[in-house]
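Enquirer: Based on these hints, arrange chain B on the given structure of chain A.
If you want the building blocks of each chain, they are given just below.
Number of protein chains: 2
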Amino acid sequence: MIQLYWKNATADAVGPEHGLAPTDLANVEHRIIPAHATVMAQVQAGKLGYADLPLNAEYRAQVKAMAARYQPNTTDMVVLGIGGSALGNIALQAALNPHTYNLMSDRGRGGPRLFVLDNVDPALLHDTLRLLGRRLRTTLVNVISKSGETAETAAQFMIVRELLRKHLGDGFAQRIVATTDAAAGTLHEIASAEGYAMLPVPPDVGGRFSVLSPVGLFSAAMCGIDIDELLAGAAAMKLRTENAEMTANPASMLAAIKFLAVTAKGKPLHVMMPYSNRLTMLADWYRQLWAESLGKKVNRAGEEVFAGPTPIRALGATDQHSQIQLYREGPNDKLIVFLEVVKHPVDQRVPEAFTDVPGLAYLAKARLSKLLGAEKTATEYALAVSQRPSVTIRFDAITPFSVGEFIYMYEFTTSLMGELLNINAYDQPAVELGKQATFALMGREGYNDMAAQIKPFTRLDKKHLA
Amino acid sequence: MIQLYWKNATADAVGPEHGLAPTDLANVEHRIIPAHATVMAQVQAGKLGYADLPLNAEYRAQVKAMAARYQPNTTDMVVLGIGGSALGNIALQAALNPHTYNLMSDRGRGGPRLFVLDNVDPALLHDTLRLLGRRLRTTLVNVISKSGETAETAAQFMIVRELLRKHLGDGFAQRIVATTDAAAGTLHEIASAEGYAMLPVPPDVGGRFSVLSPVGLFSAAMCGIDIDELLAGAAAMKLRTENAEMTANPASMLAAIKFLAVTAKGKPLHVMMPYSNRLTMLADWYRQLWAESLGKKVNRAGEEVFAGPTPIRALGATDQHSQIQLYREGPNDKLIVFLEVVKHPVDQRVPEAFTDVPGLAYLAKARLSKLLGAEKTATEYALAVSQRPSVTIRFDAITPFSVGEFIYMYEFTTSLMGELLNINAYDQPAVELGKQATFALMGREGYNDMAAQIKPFTRLDKKHLA
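Going line by line, the protein sequences match chains A and B.
Just so we're aligned, residue 169 is where the first sequence starts under the working numbering, counting upward by one.
Just so we're aligned, residue 169 is where the second sequence starts under the working numbering, counting upward by one.
Okay, chain A solo, but in the shape it has when bound (with noise of 0.2 Å):
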């Protein structure tokens, strides 16, 4: 079980100024009791389509169908698709299997190697298809995207389709499993008329939201992770967030301490520092729910507020080289979100040597993740010394469950916030404007007035060159 622990937060660790005190929880545990009783009755209606994920049993039967039918004869899988279509898939590879994975033996993994392509750069995929090279027969490209018009995922999509019919002929539908809108879309109508295997993106839940769907499912159970244990987990912290009392329900807690720290107290940055390399990309994946769903230029009042606490991703112990002089000496900005891992994968000892060297002889026969630990310790420490706060979200192991029950807790917390800051938490009007010039200046059809006023962003001005 995964568990919250926010003593650090405090103002008896941190001083009064950055730290909550009494009167700051009993504050904020007016406005958290009835934004959870809005967000319960939101996921009791059926309105909060992530929230129906972990029970979804059509879903995880579709998911393991399809990885059946396809892990036998694959032994390279590309994902193509970007943000949510992409960072959910990366978390769970990288939490879930070893960093060395793609290194391994086709014999020595649990599933193809794993390819997720979530960009349009070049290079990126020039050289990841150059790799694959004769493999493609036994290649299996998983696209995704709910309308199939994300430029990205297009532009990939039609490159590497166009690879595999040339060298895998009429055969190339089959190597094709398109993650997409089961109903309609350019993506939908493209693998229909091809016949490619489909898996459905719902309709009722948003990119970043939707890792717990086949669109991040599918990959996890192809490479060899338990779905029904990531699905179990999510469902156990699910009824753990129904729970109204705020210092019982992690979920309420969290939002409430982060909402404290942006609202009262000073501290607009959110960093996530795992002190495990596996969970990195969760941080990553953090990220775009945090950023995408809190960043908003008005309330539901339509009043500007420019909300959106700024997500970092950092990492344990690697960044205590990095980050952590400004952390405790920078401006006082920051509540840091330590992950800790009570009990890793694998554990490594350190062999009896130089026992004679004073400056190593306390290492010998230390385990290397009580030295993790108490660098994760030591950190904590100094940053409350310097009155800077801090909560530890722990994790008893590495486990599919516990990473299920990590993605649920954060998506409820994302819920809760989007409730204290009164914003829209499930739209992103932003990225719009950003898409319609990409397709202005690529030409599309109809964007000709907004190329019109993207023209002078394309020429370089000497003046301001340095």
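Hints are computed from structural coordinates only; laboratory data are not their basis.
Predicted model, so just to flag it, every value in this text is computed and none were measured.
Fair warning: there could be bad hints in the mix.
Now the stretches of chain A that chain B is said to cover, found in silico as 3 or more residues with beta-carbon under 8 Å [unchecked claim]:
no., region
1, 169-175
2, 391-404
3, 498-505
Idealized CB from N, CA, C, for every residue including glycine.
Expert: Structure of chain B alone, referenced to chain A:
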């Protein structure tokens, strides 16, 4: 030649509240000119060790000789280091070799596989060592630590050394290169006693400024990166930074803009957003340089200033689907620094397909580099519409030369920022407490008093657990 383009940080582009008006530039010029003179005097007096690295022929020759000795008999290289002893190595490799480098055949690569292990995560070390398995005989371990007493590096080193001894017997010392202080220190002594080959850590260069010394150069040379070109690029930029005229010197102009962003425009968050996967890790290198150099509690007069812009790493186009919603609609507290590549290492063309599909036809025959460039321009435009300033660092191409230019430019910009903020940019006093606390928690002799102080942090207080 890399160039700084700053039109979209001006008042013309984003308005006078958030952009630089001519008066802002005139004001900052009065500060930049003496700051530049001070830094140049330090460079000329040989007081800024990093500034001498581009022209240090001795280091270059030592590194090349060492690479010539080991490259032919090495299939795998493991770097043990953390912070400044790892970030440069990672950044050079990611920028200048394909992301698939470690997956290529031994013949297909320009050198050994490279694993930079910059954490004491037990799974990270275990999984890497397991992968190396029977290749240990052709594995080269490069342990990098000035003193040899950095806890993380020392612990890893002790484990890896034991493994080598066990598998290779007395010959194990032939498979270790220690990059360490040339005269004294724990690692120097061990390396001397056991007969490892050695490379010097410069005595007068801090870790975060050391990438162009043997610290960063050796793994690069081993992996086929042209370090002569890298250093030539840095030397070329060094010449350009000598220019006292602010608008003609990219480092001065960058420092001016970043200083104004923090002190006059309410923008303490400095995002670096490359539109290139290969340049992502340069942004991680920058994170350390910026945070550790500029995150300072007191200025040189001893006054509390809590200085330090927060560096943030992002990636275009990917983060358009993750962070741009926040960057456009959240608090207007960010300066975005784009890295743009004019000519990518390779290109890919979208085939002529789906020309009858309205949402896809515009992509037919487009180059991916054009699409990626359009996405960047579109984002620049969309940010400007929301009055969010940005600058762009333009790379002609991703070459050792341009990467060398970039590194030196940012180092010199950091020196200028230190002057402008009137802080010591070369120390890191706040890192010390965490190190001592770690020693205390690990039972190192002499740290009993500290252990008593930390004790409350080692116990979970159930009252604060949700």
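Enquirer: For each hint, tell me whether it holds in the structure or not.
Expert: We went through each hint and held it up to the structure:
1. Counting residues of the region 169-175 of chain A whose CB falls under 8 Å from any CB of chain B gives 5; the rule of at least 3 is met.
2. Look at the region 391-404 of chain A against chain B: 0 of its residues bring a Cβ nearer than 8 Å to a Cβ of that chain, fewer than three, so the hint is violated.
3. Evaluation of the coverage hint for the region 498-505 of chain A: fulfilled, as 5 residues show C-beta separations to chain B shorter than 8 Å, against a requirement of three.
Violation of the numbered hints given earlier is confined to hint 2; every other hint is satisfied by the structure.
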